[in-house]
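> Sequence:
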Amino acid sequence: DVEAMLERNIGDAELEAQLRTVRGMLMEADSIEQVKRQTKDGVTPEEGQVVRNYCQSQVDKPIDEYWPRVIISYATGTRHGLDGEGCGLGMQYCQLVVRQLERVGIQCFSGLHV
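For the sequence shown, the numbering used here gives the first residue as 3, with consecutive numbering after it.
Just so you know, the hints here were simulated from the structure itself, not pulled from any lab data.
Everything numeric in this text was worked out from a predicted model, so none of it was measured.
Don't take every hint at face value.
Between beta-carbon pairs, the in silico distance windows are [said to hold, decoys possible]:
hint : residue 1 : residue 2 : range
1    : Glu48     : Leu98     : 31 to 37 angstroms
2    : Val52     : Glu16     : 25 to 31 angstroms
3    : Lys42     : Arg10     : 38 to 44 angstroms
Ideal placement from N, C-alpha and C gives every residue a C-beta, glycine not left out.
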């Protein structure tokens, strides 16, 4: 488990950076597979909350002091009878962009961050 390895190796900056890269790649691969499934099965409220939680975890200061230079505009894209309330593929696509930006050290903001 990458998280366990990260906890055991705190203090080894080079190894931590490598493990964080691996964790990011694994999360991205899982996210892409999830979006493929959600295209036909829908986005559940629980899955939508996981996306919101991830985006909100990227905010490293009080929200009224968080002013990144990149703003993402997206449409949730809720499909009636398929997606949970307030959920849709648009939020999943937004999360993929947020993850890519985060991977290269670029902070961003979207409605998912609050």
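> Let me make sure I understand: some of the numbered hints might not hold for this structure. Which ones are they, in numerical order?
1
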